[in-house]
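Engineer: These protein sequence lines are chains P and E, in that order. Sequential numbering from 1 applies to the first sequence in UniProt numbering. Sequential numbering from 1 applies to the second sequence in UniProt numbering.
In case anyone wonders, no lab produced these hints; they're calculated from the structure. Bear in mind that the values here come from a model prediction, so they are computed numbers and not experimental data. Do not take every clue at face value.
[Stated by the list, open to error] Label pairs and their computed distance ranges (CB to CB): (1) P:Val38 - E:Asp48: 16 to 26 Å; (2) P:Arg112 - E:Arg292: 18 to 28 Å; (3) E:Arg467 - P:Ser172: 56 to 66 Å; (4) P:Arg70 - E:Glu388: 51 to 61 Å; (5) P:Arg31 - E:Cys373: 28 to 38 Å; (6) E:Glu125 - P:Thr174: 30 to 40 Å; (7) P:Pro84 - E:Glu51: 37 to 47 Å; (8) P:Glu169 - E:Glu125: 36 to 46 Å; (9) P:Val38 - E:Glu395: 56 to 66 Å; (10) P:Glu109 - E:Cys373: 49 to 59 Å; (11) E:Arg148 - P:Cys59: 44 to 54 Å.
[Claimed, not checked] For lysine to any residue, the following SDA-like pairs were computed, each having C-alpha atoms within a straight-line distance of at most 25 Å: (12) E:Lys208 - P:Asp133; (13) E:Lys38 - P:Leu44; (14) E:Lys41 - P:Glu32; (15) E:Lys413 - E:Gly401; (16) E:Lys203 - P:Arg112; (17) E:Lys41 - P:Ala50; (18) E:Lys208 - P:Ser105; (19) E:Lys203 - P:Ser79; (20) E:Lys38 - E:Thr188; (21) E:Lys208 - P:Ala103; (22) E:Lys203 - P:Asp148.
[Claimed, not checked] Some, not all, of what chain E presents toward chain P, calculated at C-beta under 8 Å: (23) Leu46; (24) Leu192; (25) Val218; (26) Asp300.
Quick reminder that beta carbons are idealized off the backbone N, C-alpha and C, glycines included.
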Amino acid sequence: MSSRERILGRVRRALADVTPDEQVIQRDYLREHGDRTVEQTVELLAENLADYRALVHRCTEDELPSLIARLLTDRKAGSVLVPPGLAEGWLAEADVTRVADRADSTPHELDRVDSVVTACAVAIAETGTIVLDGGPDQGRRRISLVPDHHICVVRVPDQVVSAVPQALERLSPTRPLTWISGPSATSDIELDRVEGVHGPRTLEVVLLG
Amino acid sequence: MSGTFVGMPAFPKAAHEAVRNETLRGNLRHATHTIRAKRAKAVAELSDWAELREAGRRIKDHTLRHLDRYLVQLEEAVTAAGGTVHWAADADEANRIVADLVRATGESEVVKVKSMATQEIGLNEALEAEGIRAYETDLAELIVQLGRDRPSHILVPAIHRNRGEIRDIFRTEMGEWGRPAPEGLTDTPAELAEAARLHLREKFLRAKVGISGANFMVAETGTLVVVESEGNGRMCLTLPETLISVVGIEKIVPTWRDLEVFLQTLPRSSTAERMNPYTSMWTGTTDEDGPRTFHLVLLDNGRTDTLADEVGRQALRCIRCSACLNVCPVYERAGGHAYGSVYPGPIGAILSPQLRGTASEIDASLPYASSLCGACYEVCPVAIDIPEVLVHLRERVVEGGPAVREGNKVVLKPAKGHAAERAAMRAARWAFAHPGALRAGQRLASRTRRLHPRTLPGPGKAWSGTRDLPPVPAEPFRDWWQRTHGGKDGAK
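The shape of chain P in the complex, shown without the other chains:
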């Protein structure tokens, strides 16, 4: 007998006393917490991002290229990783070496790049979370991981939802997803939160709208 059959057999015997329950799970919890206007939801996103030490900026479409250029200069970034479908023009004013997100780059090559600029798939206000789904303007998962500085652009209010349930509805499980809530952190030393371990130690979120 294979282990598959053995385990499934054990499960079935273990459940011999149980009556089948086909009813739908009752869900009495809320879809979102509190009653907010769209603008208040965006404000809450900004607050919660900042609370977990992300640096939050707001700008219009016109201002974006100069803002990104300034953030890269302030950081003294010499090179930036660019997803294949990043909007033309976002990096128009940035005076840095562009490194394309390519399948054949090695992790060591990525490690030498200073920054990365991506868009996102959705942002969650209540938890201060941005979610990347590997879309063309976000690139492979690793490009937002290896460089130490991540600039993520969120289109507000279109890409912002209030709560986790609404975010899951918008996302596709067939895509590789990365949920990011603030920069890399740890609570492993005396259960105290410290920012900055393996992921980007600086996360800048630009609320564009």
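Place chain E on chain P using the hints.
Structural biologist: Leaving out everything else, chain E in the frame of chain P:
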């Protein structure tokens, strides 16, 4: 400190030594009190916490009730998405599968995401025996590995270490495993985290094989979810060419939507955050993004035996948040090592004796590692009634009876050392069934109350060693009731 849990003494003995360690008690008190207050605040932010908890309980119960169906559905979905599913009935089989998969890649080292399942099966030691070196990459796991130590907490395995001890371990041990600690390393947490970043980066960048567990597996989509903070998880899940995930069969949720409950309750219960810094979700493999090969090893190792127990099976709802450890007065004082298992604290006291059986001294003693105060049940985000299961397991230890081990029905013998307790219970049962004898006995006890010893003799000595015997009243209650008509006459 030895790196293994084999041959651990029973809980009372191990705890007796631990409570005398003042550094350990100080470290644990500081850490658990910090997180307790933060967790309460994070939970209070959600007005529907009780409803989320109830939904979590229902989803997990429903899943367990149809576990066979959901396992098969998960297998189909993972396979359709390009993954390969393996089934492991016990720890040895899981270790063998993983070792074979690593060997097939031609690699002799792997990077690991913190995973309770691989700790449980002793994967690192098994790989070591095959000539494969496993690097732990979670900060706390790294501290434990470098210190040749054992984990003492589910979420923060190095919770028993303070910053000074961690600095010393990094200074003396990091060089043996790779990049040494920076010169002049101090004990500030930020510097310690930086040292870990530098030490591990070279390992992430060259890793060809990653090994993980998972917090959730979605049956309908085949999606696996890993919830973490540091980014070491993302490194291990995306940079290597081969990913092997070892996951307990109870980690399934039926639908994608079900994640909306646990992604709200898990971070707030464990690290007291609205959301943990990083959550990775993947379904099979993705072309040109992340590992090209994905293996899922589904692990039983005592879970189906636990499932067979009508009372005890609720322990399989556990999402490993560790809130029950952080509020437990026994854990706070005894520390995690005394539990003799990778699952310490209240959840460990009900999980280990079910996964491993109650044959060993340590497992038979674990259901007693509690004052039954109920704080663990109160904070559990999936409402596991831990005190109920503890009492149930105590009964099993004392009385023996039917159970399931490795899929087979067995009848457990009553444990040794509980003969006096059983005799006392038998005597009590007889006395309560014979009111005349009970009355005579109570009167005799009242009249001789001044002669009673303060401690019990013989086998009862251990019991009264840490407890006061209840004083016997001057007059039995029933006599008082009859004499005063229940106090109506105003008589005392």
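Engineer: Take the hints in turn and mark each one as holding or not.
Structural biologist: Structure-based check of all given hints:
1. Under the hint 16 to 26 Å, the C-beta atoms of valine 38 of chain P and aspartate 48 of chain E, about 22 Å apart, fit the expected range.
2. For the pair arginine 112 of chain P and arginine 292 of chain E, the beta carbons lie near 24 Å from each other, so the given range of 18 to 28 Å is met.
3. Taken as a hint, the range 56 to 66 Å holds for the pair arginine 467 of chain E and serine 172 of chain P, whose Cβ atoms sit roughly 59 Å apart.
4. For arginine 70 of chain P and glutamate 388 of chain E, the hinted distance range of 51 to 61 Å is satisfied, since their beta carbons lie about 60 Å from each other.
5. Hint check: arginine 31 of chain P to cysteine 373 of chain E, Cβ distance near 35 Å, so the stated range 28 to 38 Å holds.
6. Distance hint for glutamate 125 of chain E and threonine 174 of chain P: a CB-CB separation of about 37 Å, consistent with the stated range 30 to 40 Å.
7. For proline 84 of chain P paired with glutamate 51 of chain E, a C-beta distance near 43 Å keeps the hint of 37 to 47 Å intact.
8. In this structure the hint that glutamate 169 of chain P and glutamate 125 of chain E lie 36 to 46 Å apart at CB holds, the actual value being about 44 Å.
9. The beta-carbon spacing between valine 38 of chain P and glutamate 395 of chain E, approximately 57 Å, falls within the hinted interval of 56 to 66 Å.
10. Checked against the given bound of 49 to 59 Å, the beta carbons of glutamate 109 of chain P and cysteine 373 of chain E, roughly 56 Å apart, stay inside it.
11. Taking 44 to 54 Å as the suggested C-beta distance range, the pair arginine 148 of chain E and cysteine 59 of chain P conforms, at roughly 52 Å.
12. The straight-line distance between the Cα atoms of lysine 208 of chain E and aspartate 133 of chain P is roughly 24 Å, inside the 25 Å bound, and the hint therefore holds.
13. Of the supplied pair hints, the one linking lysine 38 of chain E and leucine 44 of chain P holds, its CA atoms being roughly 20 Å apart against a limit of 25 Å.
14. Annotation: proposed proximity of lysine 41 of chain E to glutamate 32 of chain P holds, straight-line Cα distance about 18 Å (limit 25 Å).
15. About 7 Å separates the Cα atoms of lysine 413 of chain E and glycine 401 of chain E, which keeps this hinted pair within 25 Å; it holds.
16. For the proposed pair lysine 203 of chain E and arginine 112 of chain P, the alpha carbon gap of about 16 Å is at most 25 Å, so the pair holds.
17. Under the criterion of a C-alpha separation no larger than 25 Å, the hint pairing lysine 41 of chain E with alanine 50 of chain P is consistent with the structure, at around 18 Å.
18. For the hint pairing lysine 208 of chain E with serine 105 of chain P, the CA-to-CA distance comes to about 14 Å; that is within 25 Å, so the pair holds.
19. Distance hint between lysine 203 of chain E and serine 79 of chain P is fulfilled; the C-alpha atoms sit about 23 Å from each other, no more than 25 Å.
20. Note on lysine 38 of chain E and threonine 188 of chain E: the hinted pairing holds, with a Cα-Cα distance of about 21 Å set against a maximum of 25 Å.
21. About 15 Å separates the Cα atoms of lysine 208 of chain E and alanine 103 of chain P, which keeps this hinted pair within 25 Å; it holds.
22. Pair hint lysine 203 of chain E plus aspartate 148 of chain P holds up; C-alpha atoms about 17 Å apart against a cutoff of 25 Å.
23. A cut of 8 Å between beta carbons decides the hint on leucine 46 of chain E: the least distance to chain P is about 6 Å, and the hint holds.
24. Because the closest C-beta pair between leucine 192 of chain E and chain P is about 6 Å apart, less than 8 Å, the hint holds.
25. Evaluation of the valine 218 of chain E hint against chain P yields a held restraint, the C-beta minimum of about 7 Å falling below 8 Å.
26. Below 8 Å, beta-carbon pairs count as interface contacts, and aspartate 300 of chain E has one with chain P at about 5 Å; its hint therefore holds.
Of the numbered hints listed earlier, not one is contradicted by the structure.
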